[in-house]
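Peer 1: The primary structure of each chain is shown beneath.
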Amino acid sequence: MEYDYAEIGLKAGIEIHQQLDTAEKLFCRCPTALRDTAEHTDEFSRYLRATESELGEIDRAAQEEMRLVRRFRYYTYDTVCLVEHDEEPPAPLNPEALSVCLTIAKMLAMTPIEQVHTMRKLVIDGSNTSGFQRTALVALNGTLPGDCRVETICLEEEAAQRVEDETFSLDRLGIPLVEITTAPCMHTPGDVQAVARQIGMVLRSTGKVKRGLGTIRQDVNVSIRDGARVEIKGVQELDLIAEVVRREVQRQVGLLGIRDELRARGASVDPAVTDVTDLFAETQSAILKKAKNILAVCLPGFAGLIGREIQPGRRLGSEMADYAKKCGVGGIFHTDELPAYGVTAEEVARLREHLGIGEQDAVVLVAASRQRAGCAAEQVIIRATMALDGVPEETRRMLEGGSTAYMRPLPGAARMYPETDVFPVSIGAGLWESIETPELLTDRAERFHRDLGLDEALARQMAFSERLLLFERAVAEGVRPVLAARTLLGTIRELARDGVGVAAVTDDEVIGLLQAVEAGSAAKEAIPDVLIELARTAGERARQTPEERVAAAIEAVAPAISAADLEAVVRNVVEEREEFVRERGMGALGPLMGVVMKEVRGSVDGKLVAQALKRELERRAS
Amino acid sequence: MTGTYITDRDGMAVVKLDTGYNIGVSPGAVHLLERPAPQPAATPVVVQNPELPELAIISTGGTIASRVDYRTGAVTSQFSASDILRAIPELGDIARYRSRQLASILSENMRPSIWQELARSIHAEIESGASGVIVTHGTDTMAYSAAAVSFMVKSPVPIVFVGSQRSADRPSSDNAMNALCSAAVATGDLGEVAVVMHDTTSDDRCAVHRATKVRKMHTSRRDAFASIGMPPIGYVDYPSLEVSLSGEAVRRGTHDLELADDLEERCGLLHFVPGMPPEILDTFEGYAGLVLSGTGLGHVRTEWIPRLSELIAGGTTVVMTSQCLHGRVCDRVYDTGRDLLGIGVIEGEDMLPEAALVKLMWVLAREDDPGTVRALMQENLRGEIRRGSR
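Quick note, the sequences are listed as chains A and B, same order. Sequential numbering of the first sequence, starting at 1, is according to the numbering used here. Sequential numbering of the second sequence, starting at 623, is according to the numbering used here.
Because the hints were derived from the structure by calculation, they are not lab data. No residue lacks a Cβ here, since even glycine has one placed at the ideal position from N, Cα and C. It is possible that some hints are incorrect.
What the hints assert, rightly or not - Just a sample of chain B residues kept apart from chain A, beta carbon distances all over 12 Å, derived: (1) I628; (2) A725; (3) S729; (4) T841; (5) H877; (6) D878; (7) E880; (8) D884; (9) T924; (10) A935; (11) T994; (12) L998; (13) G1010.
As the list claims (entries may be wrong) - Partner residues aside, some chain B positions facing chain A, computed with beta carbon under 7 Å: (14) M634; (15) Y643; (16) N644; (17) S794; (18) A798; (19) D825; (20) R827; (21) S842; (22) R843.
Unchecked claim - Over 12 Å on every C-beta distance to chain A, these chain B residues come out as not near it, computed from the model: (23) D632; (24) T641; (25) Q670; (26) P675; (27) V697; (28) E730; (29) R792; (30) S795; (31) E901; (32) L919; (33) E925; (34) R1009.
Just chain B, same shape as in the assembly (with noise of 0.2 Å):
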C-alpha cells in the first residue's frame, strides 16, 4: 500500500492513501519510498478592474478564503488581494481591492493593544483613499472588536466586518456570500463601522448590524449574529447584491476621519450569578474600569454593595448593565438598585455588556473627571445607547 506521508499525531503515522483516504498507522509500519519535490501550487493572475472602487481588506485571522491541497489534505487560509479573488471570482465584480494582513489570530486571542493596530491600519487605508474597508475577523469576538473599532474611528466610509461560521474550505461555506455583501456594502452608501452576516440560515439575504448593537447569538448557525434592542440598519440581497439601508444608517460621508485610538485596558467585564461571593470583586481591584452584567433590571447580591462601594471609592468606575441582553437598566424600581446607584454605580442604559466595556476604555483613556465619565458613559456616542428601548 502506498500513500503521501502527512506527519506524526498522538503517536500515529498519518498516511494519505493514493485513493485520498487517510489512515492512522503505527509509525514504524512506514516506509519511506521517496521524497517528491514539492509541486509550486499554480497561481493564475488575477486582474482587477481600474474602473472600480478601491476597497481595503484587511485580515485579522478570520479566514474569507481558503485553499485545500487535495494531494495532502491541508487547508491554509487565503490573506492576499489575487489570493481572495481566486476563490471568490465575482468579487471582482463589485470592486478592487488591495489587503493587508494585520494578524493571524484565533478571534479568542484578540486584544485591545490589536484592536488598537486595527483602528490605525484602517484610519490609515481611509486616509490613503480606500473608498471602504473590510476586516475579515474570527467571529467569536468580532462584536468587541467592531464595537471597539466604532469608538476609535469616526469614519466617513463603511467600515465593515465580516466572517464565516461554516468554514471556508466548504463548498457550502457563508464566507462567500458574507465577503459579496461585504463588499457591497463597503462600496455603498453607508457611513458607520458594521458587521454584515447571514440573516437567516439560507443563502438569501445578508443583514447589516450596527457595530455597537451586535452580538453572536448562537454557536454555530450561518445567521448567530443579531442585532439587540434594533432592527439591523440594512440588508444584503443575494445573489442580487442590493443593499437597502434603513432610515437609522448613518450615511456615507456624514463624518470627517478621526481617529482616537487610546484605551485604558484596565477594564473588566463580570458576568453576576447567584451566589458569587464578593471577594470574587478583589480581582478587579486597581481596574479603571468595571462593567457588570447583572441580573434583571441590573442587580447584583445586596452582599456586594459595601465591597463595590470600596472599588468605586478607590477609584474604580463601574457600570451596570443586565444579562437579559434586551431591554434597559433600571436601578430605582427595586431597593439592592437604589443601593447600587446610592454607592455610585452608573446605570449602563440599554448597552450591551460588551459594547459598555470597550466604550469604558475608551472613554476612561480620554477622561479622567468623575462626573464626565458618568455623562459620557450614559450619552449615545456611536448608536450604543438608544433613546427608547423595544
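In isolation and in its complexed conformation, chain A is listed as follows (with noise of 0.2 Å):
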C-alpha cells in the first residue's frame, strides 16, 4: 500500500559507508585483502566490557549488550598484524584514504576540517577488538541535487566480519571506509533511492573504491509524524532501499495504530513475572519441556494486538521476542498465536485460569534458565510498556526482503573520545587544491556517447562498469571504442559465463589482442578464440612480452594468412562449388562468405574475406 508521505510526515535520511580501495589499512600497513575464512591461521578470544562514563553512566547500547556477558572469537590471517589484534598502538592515518575521503569531499561540494582528529567511537558488540572504531570527521556540508545535502563525510576502520555468532574474522578489520551522512532531507522512499544511487556513482566516480557485495552499505533513518527516529542498518542492495522505508514507514503506522486501541482499551502491563513451570509438567511443546523454568507476562488489554502484522511477517509478537533474545534466549510465545506449537488449547485455558485473566488479556511465555528467562520477562515488559508509547527509537537491522528486527537502542550522543595514539591532520589550503577531482560516472557516460560513438545504454554500461580504466587505455592506444566496449562489456563478460578463465588473461594482453585486430594481424571474429587460448596458456609463457603472447595465441588458433594465401582459398572455394555460382552468380557471395571464414579460421577479417569473394566472383561472371 502507498501512503500519502507528505500527509504522514515521513522524514529520511542515510548513511553511506563505502569501503576504500587503497594499498594498506587505515591505521597499520596491513593490505585491504579480504580472506576465506578458512585460512585463518590462529584465532584468539577476548571479553569487552563498557567503560564508565564520567555521568557515571554507561552508554545505552552499550549497555544493551553487556546484559549477556559474551567472550567474542578472533580469526587472524598471515595478512593481518597486532594492530588488528589490538595489542600494538595504531600507525599514523593512511594519507591514501585521506587523500581519497578528500577526493569525495570536493566532489560533493563540502567543506574540510582544517584540522582532522581522530576519535574513539565505542562499539562492544564483538566487530572491533578494541571495543571501539577509529573515527574522523573530515568534512561538511556537501549539495545533492534537489534540495538535499550532505552534512558530514567521515573516514573511517572498517569492523570485522561476523563469522558466526561471537566469532569474528579480523581480515575486514582497518580498511578504510567513508562514511557519508546526509540530512533527513528526504520525503518519499523513492528520494532515498534516488540519493543512495547518486552518491553512489560519486563514490565510483573515483575509482578508488571497492566493487562487490558487502563494500558498500547503506543505513537509513526514518521517521514519520507521532513516530520515532529508527535507524536501519546494513541495506546492501540499493534497490531494496525504497522498499525498506516503505516497510518502516507502514511498521510505524501500524505500532500507532497499536497505541491508540491500547490507550482506548485501557490496555497496561503487569510488572509481576509469574513462574508457571509446574502448569506445563506434562507438556507435549519439546521446548516448553527442555526448558528448566518457564516465566509469564500477563498483559491486559492486548489480545490480539501482539499477533497483528505490522510489517510482512513482522508482528508486535516479533519485537518483543527481538528483546526477548538479548537475554539468550530462542524466542517467546504468545497467546495471539496459542494453540500451536505443542502446546493445547487446554493448557492455555488452564494458564488463563491461572493468572486470573480474560479474554482480552495476553500472556507472553519465556523459556529457558532461570537467569535467562528472567531476563527475557524482563525484556518483554519493556517492550510491551513502549508499546503504549507508539514507536520506540531503535537501531534495526535488515531482514531479507525489506523487513526488519530489532538490533539495540539508538547510540547516546556522548560516546566518543580522542584517539590519542593517532596524531591531528592539518588540512591546509595547499593540500585541499591539490586534491584533483575526476570526472563524474555520470558525464563520461555522456562523453562517450557523445565523442566516442558508443549508443547511450553502451556508454552508460561501458562509464559504470569496473573495466572503464582498461576502456579509456584501450581507446588512448588507438582502438576503436566500439571495439573495446564490445570486447570488454561482451566478449569477456560471456566468456567469463561459460567458464573461461578470462580473468587470467592480463590487461596488456586484452590490449595487445586489440591492437592486433586494428592492424589487421587478426580478425576480429577470432577475438573469443585467441581469448580462450591466451586463458588456457595463461602464466605458461612467462617469460613473452604481452605482445608475443597475444601473437602466439593468435597463431595458435588462427595461423596468419597472406593476401595471396586468402585469394588461393577463396579460388578454390569457388571452383570446388563451380555450378552452385553459376546458379547464383553474384548472391552466392553471402552463403560463401562463411564457408571461407571456416577455411580461415577467423584468421581474415571478414570484410577482407567478402572483398576477395566478390572479386573473384565478378572474375569469373565477366
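With the hints as a guide, bring the two chains together.
Peer 2: Spelled out as C-alpha cells, the structure:
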C-alpha cells in the first residue's frame, strides 16, 4: 500500500558506508585483502566491557550489549598484524585513504575540517577488537541534486566481519571506509533511493572504492510524525532501499494504530512475572518441556494486538521476541498465536485460569534457565510498555525482503573520545587545492556517447563498469571505442559466464589483442578463440612479452594468412562450387562467406574475405 | 556549528562538536556562547562485603581503572577503592579493599627512592592487617620495582604487582582481567612478591611471575611479561579465577614480616655493545656498584679490562650478567672471561641484569666487605638465582 508521505510527515536520511580500495589499511600497513575464513592461521578470544563515563553512565547501546556477558572469538591471518589484534598502537592515519576521502568531499562540494582529529567511537558488539571504532570527521556541508544536503563525511576503520554468533574475522577490520551522512532531507521512499544512487555514483567515479557485495552499505534513518527515529542498518542492495523505507513507514503506522487501540482499551503491562513451570509439567511442546523455567508476563488488554502484522512477516510479538533474544533465549510464545507449537488449547485455558485473566488479555511465555528467562521476561515487559507509547527509537537490521528486526537502542550521543595514539592531521589549503576531482561517471557516459560514438546504453554500461580504466587505455592506444567496449563488456563477460578463466588474461594481453585486430593481424571474429587460448595458456609463457603471448595465441588458433593465400583459398572454394556459383551469380557471396571464414579459421577480417570473394565472383562473371 | 571548547593545542582550538567528533579550528573562528557550570560526576555508593578478606591497593601511577568523560573526551585515572570498584565491580566479590595513592608517575620516571617509599607503604599495610597487597604500576619498569620490593620486604602475605598493557579506558583493556587475577592471587596461598599479568593474547589465563625472574619482553602485547629461566610460579584461570601455584611458589605464612629498605643508589647497569669505548666506564667513576650486561657467556671487549680493573680497585663492585637473558654467566671458558675474573668481576650466575642491579643496590647498602658482597651476590636470596639453568 502506498501512503501519502507528505501527509504522514515522512523524513528520511541516509548514511552510506563505502570501503576504499587503498593499498593499506587505515591505521596499519596491512593489505586491504579479504580472506577465506578457512585460511585463518590462529584465533584468540576476548571479553569487552563498557567503560564508565564521567556521568557514571554507560552508553545505553553498550549497556544493552553487556546484558549478556560474551566472549568473542577472533580469526587471524598472515595478512593481519598486532594492530588488528588490539595489541599494538595504531600507525598514523593512511594518507592515501585521506586523499580519497578528500576527493569525495570535494566532489560533493564540501568544506574540509582545518585539522582532523581521530576519535574512538564506543562499539562493544565484538566487531572491533578494541571495543571502539576509530573515526574522524573530515569535511562538512555538501550539496546534492534537489534540495538535499550532505552533512558530514567521516573516514573510519571497517569493523571485523562476523563469521557466526560471537566469532569474527580480522581480515576486514581496519579497511578504510568513508561514511557519508545526509540531512533528513528526503520525503518519499523514491527520494531515498535516488539520493543513494547519486552518492554511489559519485563514490565510484573516484575509481578508488571497493566493488562487490558488502563493500557499500546504506543505513537508513526513518521517522514519521508521532513516530520515532529508527535507524536501519546494513541495506546492501540499492534496489531495496525504497522498499525498506516503505515497510518502516508501514511498521510505524501499524505501531501507532496498536498504541491507539491499547489506549482505547485501557491496556496495561503487569510488572509481576509469574513462574508457571509446573503448569507445563506434562506438556508435549518440545521447547517448554526442555526448559528449566517457564515464566509468564500478563498483558491486560493486549489480546489480538501482539499477533497483528505490522510489516510483512512481522508482528508486535516479533518485536517482543527480538528484545527477549538479547538475553540468550530463542524466542517467546504469546497467547495470540496459541494453541500451536505443541501447546494445547487446554494448556492455554489452564494458563489463563491460573493467571486469572480474561479474553481481552494476553500472556507472553519465556522458557529458559532461571537467569535467562528472568532477563527475557524483563525485556518483554520493557517492549510491551513501549507499545503503549507507540514507536521506540531503535537501531534495526534489515531482513531479507526489506522488513527489519530490532538490534539495539539508538546509541546515545555521548560515546566518543579522542584516539590519543593518532596525531591530528591538518588539511591546509595546499593539500585541499591539490586534490583533483575525477569526471563523474554520468558525465563520462555522456562523453562516451557524444565523442566516442557508443550508443547511450553501451556508453553508460562502459562508464559504470569495473573495466572502465582498461577501456580508456584501449581507446588511448588506438583501439576503436566500439570494438573495445563490445569486447570488454560483451565477449569477456560471455566467456566468463561459459566458465573460461578470462580473469587470468592480463590487461596488457587484452590491449595487445585488440591492437592486433586493429592492425589486421587477427580478425575480430577470432577474438573469443584467442582469449580462450590466452586463458588456457595463462602463466605458461612467463618470459614472453604480452605482445609475444598474444601473437602466439593468434598463431595457435588462427594461423596468419597472406593476401595471396586468401585469394587461393577463395579461388578454391569458388571452383569447388562452380555449379552453385553459376546458378546464383553474385548471390553466392553470402553463402560462400561462411565457407571461406571457416577455411581461414577467423584469421582474416570478414570485410577482407567479402572483398576477395566479390572480386573472384566478378572475375568469373565477366 | 556548536560544540564544546576543549583546549588549545599546537596553535589550534580543539572543539568537540555536538555529534561527539573533535575538530581542530583556528582559534579566531571560535566564539564563546556560554560557559556551562561543570556537572558533578555521579558517584554511586559502593558497599563492600565485611565478610571478605581485606586487601590494600597501592597505586604508583599505573592505571587499573579509568573513567571517560564523553562530553569532553577526557580520560581520568581512578585510584580510590570505590572508584576502582565502580569500574570493576567483580572485584567486590573477592575481597574488601583499602587504597593508597603513593605516586602518580609514568613508570619510566620511577626511581629508587620511590621503590623505598613503596616498600615502606607495603610494610605498613601488612603490619596493619592487610591479607594481601596489590601494587598497580606502569608496565615499563614494573619488573625493576617488583624485584626491588622483593629484596626490601619479606612478607607472610602475597605482594602482587599488576598493570595493563592496553589503556584502561578501552573496552578491550587487559586491566580488569589482570586486576581480578591479581586480587585472586592476593587473597590466595602465595607468600612472595609476584607480577600477575596476561599469559596469552586471549582473555583466558594470567600468569603469576616471580618478581626477580620476570621481564617485559614485548612493547605492546598483553602477554608481554614472561618468566625468564623458569616457568611462571602459578596461573590464574579466567573467568573462574582459580589460582594454581607451582611447587616452587613460596606459600603464605612462610616468612615473617620484615622491612630492610636501605638501597645504595650509586649503582648502574651498562649494556655493552661491540666497539663501545672503554672511556664510557669513566661515567661510573665513584659508583658503588656496576652491573654489566655482557655478550654471550658474559663478556666485554678486551680493551675494557684495564679500565674495569681500575674501577674495581677504586671500590666499585662489578657484576657480570648476560644480554642473552636466558642462561648462566660463565667467565671461565674464554680468555676474556678469565681476564675479567682475574680483575675481580663477579659472575652474576643466571640473574636477570635488572634483578642483579636492584640486588646490588640492596646488598651494597647493607655490606661493605667485598668478600661478603661477592658471596651475597652469588647466593640466592629471593629466587633470583636458580640452582640449575634451563
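Peer 1: Tell me the hint numbers this structure goes against, listed in increasing order.
Peer 2: When the structure is compared with the hints, numbers 1, 4, 20, 23, 24, 27, 29 and 30 turn out to be violated.
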